[in-house]
Amino acid sequence: MTGGETCVTPTCGKSGSLVCPTCKKLGIPPAMSTFCSQACFKGYWSSHKALHKMFTQALAEEKARAENASPFDGYEFTGKLRPGKISETVKVPETVNHPDYADTGVPESEQRARRESNIIPVYTPGQIKGIREACRLGREVLDIAGKALRVGVTGDEIDKIVHKACMERGCYPSPLNYYHFPKSVCISVNEVICHGIPDSRPFEDGDIVNLDVTVYKNGYHGDLNETFLVGNVDEEGVHLVKTTFETLAAAAEIIRPGSMFRELGKHISAVASREGFSVVKSYCGHGVGTHMHGVPDIPHYAKNKAVGIMKPGMIFTIEPMINVGTWRDQTWPDEWTSVTRDGLRSAQFEHSFLVTETGYEILTARENEPVMEWSQAKLQRA
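According to the UniProt record's numbering, the stretch in the sequence shown is residues 1 to 382, in order.
Quick caveat, the hints were computed from the structure, so don't treat them as lab data.
Treat the hints with caution; some may be incorrect.
[Unchecked claim] Listed next, the in silico DMTMM-like pairs over lysine to aspartate or glutamate satisfying Cα-Cα at most 25 Å (straight line):
#, residue 1, residue 2
1, Lys378, Asp297
2, Lys63, Glu335
3, Lys53, Glu94
4, Lys80, Glu61
5, Lys53, Asp297
6, Lys378, Glu204
7, Lys42, Glu116
8, Lys80, Asp205
9, Lys91, Glu168
10, Lys91, Glu335
11, Lys147, Glu367
12, Lys129, Asp342
13, Lys85, Asp205
14, Lys147, Asp73
15, Lys160, Asp143
16, Lys281, Asp297
17, Lys303, Glu235
18, Lys378, Glu246
19, Lys80, Glu235
20, Lys378, Glu235
21, Lys80, Glu94
22, Lys147, Glu335
23, Lys303, Asp334
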């Protein structure tokens, strides 16, 4: 029994003292496991039990790591990439402002916001100022990490660079412990579509490497990513990376008040299809600001059913993932790393955009580069 908690059933709002017994056994906090009545408990059970699966999975992964077991035993990889060793998770000092999931791994405020409303937020000038600052810092961190990228450097070393850069700027690396993600940055190599976990594998000549950085500063997130060319990347790899960049640039050009979010995917798909590539359908762009992943959800493929019309003050990411072969994906046993089902390469670019009165602003743009301009030299690493 507990007291002072609100029933977790959406739209209920009553005080509760009935704690889910499974949650109690798993150590899930009362704020996420309290109900006002058996009726609410039974009525919300089909949705609530997903929380048990998530926590059980996290506990199992922690136990496996402690026992030095490999979740990849017997796994059939789709491509040539193999995971390296993952180092211990680094903590963030209390002097840095933490998002609500930093300790529990669960973004409760983000989940609550999605339950309570699907209205796309229009940010105030003061909020936009805060988000712009988070985006600026995210850009700085990505640039620092990108400069360190080269043949022989490991993902773990880049993660440490990202973490250090965040600490120096007083910001929290948003991926860290978000649904228990163990690192401060996502690093996706070759056939990895997204959410790659930094590890001990050195980058090799010819790799394409995506660095996905999100930072949290004074209550706001800023999100961006870029795909880099490491060493001597072949013609197909360069073509893929350039095309992916161009899909994002094409989508950006229709951002203005009155545009429909569902139209973004049409412009992305047109560029990708023209060049013989496919668009990943399993992951999407999203609102960003007070939450790391808020509404709207923004599919990157044509003929999608995204809802909403752009208005000044809306902020969101567009982050197309473009594949050489099939768009279909599968996830490694680490429950994070998403790879192409055929083992062929994938690339991605992402910016956070603000809708203005006359068009858009790229909040995560490079300094003195207000519009997207392809430059292979800026993405080439030794």
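Hints, verified against the model:
Between lysine 378 and aspartate 297, the direct Cα distance comes to roughly 30 Å. Violation of the 25 Å bound is thereby established for this hinted pair. The straight-line distance between the Cα atoms of lysine 63 and glutamate 335 is roughly 15 Å, inside the 25 Å bound, and the hint therefore holds. About 29 Å separates the Cα atoms of lysine 53 and glutamate 94, which puts this hinted pair outside 25 Å; it is violated. With a C-alpha separation of about 24 Å, the suggested pair lysine 80 and glutamate 61 falls inside the 25 Å cut-off, and the hint holds.
Annotation: proposed proximity of lysine 53 to aspartate 297 holds, straight-line Cα distance about 24 Å (limit 25 Å). The straight-line distance between the Cα atoms of lysine 378 and glutamate 204 is roughly 19 Å, inside the 25 Å bound, and the hint therefore holds. Restraint check for lysine 42 and glutamate 116: satisfied, since their Cα atoms lie roughly 20 Å apart, inside the 25 Å limit. With a CA separation close to 14 Å, the supplied pair lysine 80 and aspartate 205 stays within the 25 Å bound.
Our distance criterion of 25 Å between C-alpha atoms is met by lysine 91 and glutamate 168, whose separation comes to about 14 Å. With a C-alpha separation of about 21 Å, the suggested pair lysine 91 and glutamate 335 falls inside the 25 Å cut-off, and the hint holds. Taken as a hint, the lysine 147 and glutamate 367 pair is honoured in the structure, with Cα atoms around 15 Å apart against an allowance of 25 Å. For the suggested pair lysine 129 and aspartate 342, the alpha carbons sit about 43 Å apart, so the restraint of at most 25 Å is broken.
A threshold of 25 Å between alpha carbons decides the hint, and for lysine 85 with aspartate 205 the separation of about 20 Å falls inside it, so the pair holds. Annotation: proposed proximity of lysine 147 to aspartate 73 is violated, straight-line Cα distance about 35 Å (limit 25 Å). Distance hint between lysine 160 and aspartate 143 is fulfilled; the C-alpha atoms sit about 14 Å from each other, no more than 25 Å. Simply put, lysine 281 and aspartate 297 have alpha-carbon atoms about 12 Å apart, close enough for the 25 Å limit, and the pair holds.
Proposed proximity of lysine 303 and glutamate 235 is contradicted: the alpha carbons are some 31 Å apart, above 25 Å. Using a Cα cut-off of 25 Å, the hinted pair lysine 378 and glutamate 246 holds, with the two alpha carbons roughly 15 Å apart. Restraint check: the Cα-Cα separation between lysine 80 and glutamate 235 comes to about 19 Å, which is no more than 25 Å; the hinted pair holds. Restraint check for lysine 378 and glutamate 235: satisfied, since their Cα atoms lie roughly 17 Å apart, inside the 25 Å limit.
Restraint check: the Cα-Cα separation between lysine 80 and glutamate 94 comes to about 40 Å, which exceeds 25 Å; the hinted pair is violated. Restraint check: the Cα-Cα separation between lysine 147 and glutamate 335 comes to about 29 Å, which exceeds 25 Å; the hinted pair is violated. A C-alpha spacing of about 32 Å is found between lysine 303 and aspartate 334, which places the hinted pair above 25 Å, so the restraint is violated.
Checked against the numbered hints given earlier, the structure breaks hints 1, 3, 12, 14, 17, 21, 22 and 23 and satisfies all the rest.
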